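**Q** The lines below spell out each chain.
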Amino acid sequence: MTTARPAGPDLARMRVDRRTKLHDALAGQDVAAAVLLGATNVRWATGARVVAADQGRASHFRNVAVVLNGDPVVHLFTHHPDGVPADHPADHVHAGLDVECDAGAGALVTFVGDRTGGGSGGRILLDEWTMALRRAWTARLADAAPGDAAASLMSEVRLCKTPDELACIRTAQWINEQAMLDVQAALRPGIRGVELSGLFLRRAFELGAHQNTVDPIWQAMPDSVVAGPGSVTGDLVFPTVTTARALERGDVIWVDTGITWEGYDSDFGRTWIVGATPSPAQQDQFRLWRRVVDAVLSVVRPGATGGDLTRAALVAAADGRRPWLAHLYLAHGIGVDSAEAPFIGTDLGKEFDESIVLTPGMVLVLEPVAWTDGTGGYRAEEIVAVTDDGFRLLSDHPYGPYVA
Amino acid sequence: MTRDEVDALILGKEANVRYVSGARRLWLAGARAFAPSCVLVHETSDVHLLSITDDGVPGDIHLQNLYPITWNPANLLGRLTRIPGLAAARRIGVDGLTPLMDALLSATFPRAELVDGQALMLAARARKLSAEVDCIRAAIGLAQRALAQVVGATRPGMRERDLLARFEQCMADLGTTTPAFEGTFGHRFPSDRVLAGGEALVLDVGVLVDGYQGCLARTVNVGEREVSTGPADVLFDALAAAVRPGATGSDLWAAWDASAAPRPSEPAAYGVGLGVEPPIIGEDVTELLPGMTLSLRAEVDGRVRRDSVLVTDTGVEVLEEQTRIG
Chain A
17 MTTARPAGPD LARMRVDRRT KLHDALAGQD VAAAVLLGAT NVRWATGARV VAADQGRASH
77 FRNVAVVLNG DPVVHLFTHH PDGVPADHPA DHVHAGLDVE CDAGAGALVT FVGDRTGGGS
137 GGRILLDEWT MALRRAWTAR LADAAPGDAA ASLMSEVRLC KTPDELACIR TAQWINEQAM
197 LDVQAALRPG IRGVELSGLF LRRAFELGAH QNTVDPIWQA MPDSVVAGPG SVTGDLVFPT
257 VTTARALERG DVIWVDTGIT WEGYDSDFGR TWIVGATPSP AQQDQFRLWR RVVDAVLSVV
317 RPGATGGDLT RAALVAAADG RRPWLAHLYL AHGIGVDSAE APFIGTDLGK EFDESIVLTP
377 GMVLVLEPVA WTDGTGGYRA EEIVAVTDDG FRLLSDHPYG PYVA
Chain B
6 MTRDEVDALI LGKEANVRYV SGARRLWLAG ARAFAPSCVL VHETSDVHLL SITDDGVPGD
66 IHLQNLYPIT WNPANLLGRL TRIPGLAAAR RIGVDGLTPL MDALLSATFP RAELVDGQAL
126 MLAARARKLS AEVDCIRAAI GLAQRALAQV VGATRPGMRE RDLLARFEQC MADLGTTTPA
186 FEGTFGHRFP SDRVLAGGEA LVLDVGVLVD GYQGCLARTV NVGEREVSTG PADVLFDALA
246 AAVRPGATGS DLWAAWDASA APRPSEPAAY GVGLGVEPPI IGEDVTELLP GMTLSLRAEV
306 DGRVRRDSVL VTDTGVEVLE EQTRIG
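Protein sequences appear in the order of chains A and B. Residue numbering for the first sequence follows the numbering used here, beginning at 17 and increasing consecutively. Residue numbering for the second sequence follows the numbering used here, beginning at 6 and increasing consecutively.
No lab work stands behind these hints, which were simulated from the structure alone. No experiment lies behind these values; they were computed from the predicted model shown. Please note: incorrect hints may appear among the correct ones.
Claimed, not checked - What follows is a set of in silico ranges between Cβ atoms, one per label pair, in the way DEER data are often shown:
no., chain 1, residue 1, chain 2, residue 2, range
1, A, A202, B, T7, 51 to 61 Å
2, B, E325, A, G44, 51 to 61 Å
3, A, A420, B, L134, 21 to 31 Å
4, B, R268, A, G206, 50 to 60 Å
5, A, G390, B, L134, 39 to 49 Å
6, A, A119, B, A246, 45 to 55 Å
7, B, T49, A, V241, 27 to 37 Å
To be verified - Covered, in the sense of this in silico footprint (three residues per stretch, anywhere, with C-beta under 8 Å from a C-beta of chain B), are these stretches of chain A:
no., stretch
8, 149 to 162
9, 174 to 188
Every residue gets a Cβ at the ideal spot worked out from N, C-alpha and C, and that includes glycine.
Work out the full structure, taking the sequences as your base and the hints as a guide.
**A** Next comes the structure, spelled out in structure tokens:
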């Protein structure tokens, strides 16, 4: 079921829209500057790429953004000049700083101090510390100790996506889905999890993925919680890390992967069965999952709350249990982070869920689970964007071997 | 911890978590905000780990020392206060912070001062145990085999991204699905550009095997099976010859400058172990010590060679399973 590549976004327009949002949010506040170290915050604010790397490497070679209130252009410090959008003014692109080290952290604090009257020109917001930055900041900008306002500011401006951002998510998801057609075709008894990962990564990069975001997951699920990996909470364990173990006929595989394209993430979830068709019990699990997803989708529209979604899921499951993983959520947002606000159905509780009001442009990944202890379960993910009058799906992938 | 008078460490960086716990957890690309992922209490020597399962967790960390992921800071901090010995700690080392976590930890452990646990961890990690050197060697071997397969398959008419795609598949087929960094194949962001026969192409790759980094770079002429690193080999040997206990970044730069090649835009050397570590040359002036492992990168006339070396008691050993690729 190869589908046509979706229409692309206007990336330059998307960057302008994001910068405008950011500056509008800052303009109303007594804020001199926002200093951004968070990888996805900087990505969102600048559109600049970095080489995907493990956390230890990435933290040394990260991009840093400094947003000065009143300056429409973001200052970008980067080790990856070839990843900077061509329309970013050259006088706002600076050599990369290693803010894990004293020299780089000191240079950043000097830059910020020089442009904010040493911190006397209003609050300075910061999203993350490195220990070196905290040392340099405390020594020289002690009067401008940042609170957690940068995190909430960025969460707010990132929450509702523009049509160009939705197009990025759809393209990322399309790459992920197309790659999965080839992976599922290769699924057979004897193949190892790492081989599925290799095939997936190869196809995703051939199709244009900018980076892989999460080590691909192909977890062979047990029939019951006690038959699975040891659980701290007594609840079902997912995900576990992929190994070289060979898959066996009849294994039920919960698939979860994500790649990035133009800064935006995909999130693919499906359940497969190795070399077999679903039993009647397994097909029932899929039907239950479908019923929960349809019930949730039926209430997705502007003005609905997170609580409306969890209630719809609970009613559809009809057994009093929450049809999602207890340690995770019914739904999460997606954008430049593969899981970002809003989070619905977490241990933040019902009141928190009620405080989430859907608005057009929000994107949710629905990931309910239909689980019957003793016969196992079904899990898949759908991505849905809230529109002016309802919703639009950004995921589009078959459910085989389950019969939809 | 004794030297730095640190009573407990609260760690969020994956490399530190792995160093302390040995646990294999889900790999995610990129830098992430600090969150308390692992706690080590000096008095009890107990390791506590953020994990919902003991799958991938060494047997010496008991299930009751694992704490599940939570979205609710109150639940997380409440769980941390129940870790024996943590509430009594006067100095808690952290390897990063967010303003929110700074406030939460300070409020939850009001008697404790939050100090730099990252410097402590990097100091502990700098000189490798021989078992760690073996891990790095194994990772390099895997990267070499995967890169050799890509070199053997490279043909004019392929796109840069096709080489990245092949490398990732080879890496996974050889048993590891996590890169140390997504590789350079011509460009640092491999593109749709089609390769021409005979062009010089830089291939710079890194993998993580059991968390340890194996990385190398070679230069090939597209369509030829042999690597053609040329003058970069000479510079690499000069850099390696400058590595010895007591040497600093200036010694490496002196060796580089003697070659008359212009200095590169990338660091000429950085520490490797559980990913990238200081010293990063060149800003760093740290003196090299026996047991440190470095990735050295030589670049001359667009030809690049990267390999890793071990600082020995008397000099240097190039960490390689084989010397030729292709």
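**Q** Next step is simple, just say for each hint if it's right about the structure.
**A** Verification of the hints:
1. A:A202 x B:T7: 51 to 61 Å: holds (53 Å)
2. B:E325 x A:G44: 51 to 61 Å: holds (59 Å)
3. A:A420 x B:L134: 21 to 31 Å: Roughly 53 Å apart at Cβ, these two residues miss the hinted range, so it is violated.
4. B:R268 x A:G206: 50 to 60 Å: Given about 51 Å between the Cβ atoms, the range holds.
5. A:G390 x B:L134: 39 to 49 Å: holds (46 Å)
6. A:A119 x B:A246: 45 to 55 Å: violated (27 Å)
7. B:T49 x A:V241: 27 to 37 Å: Holds: the Cβ-Cβ distance is about 30 Å, inside 27 to 37 Å.
8. 149 to 162: holds (count 3)
9. 174 to 188: Three-residue rule not met by the stretch 174 to 188 of chain A, so violated; n is 0.
Violated hints, listed in ascending order, are 3, 6 and 9; each of the other numbered hints is respected by the structure.
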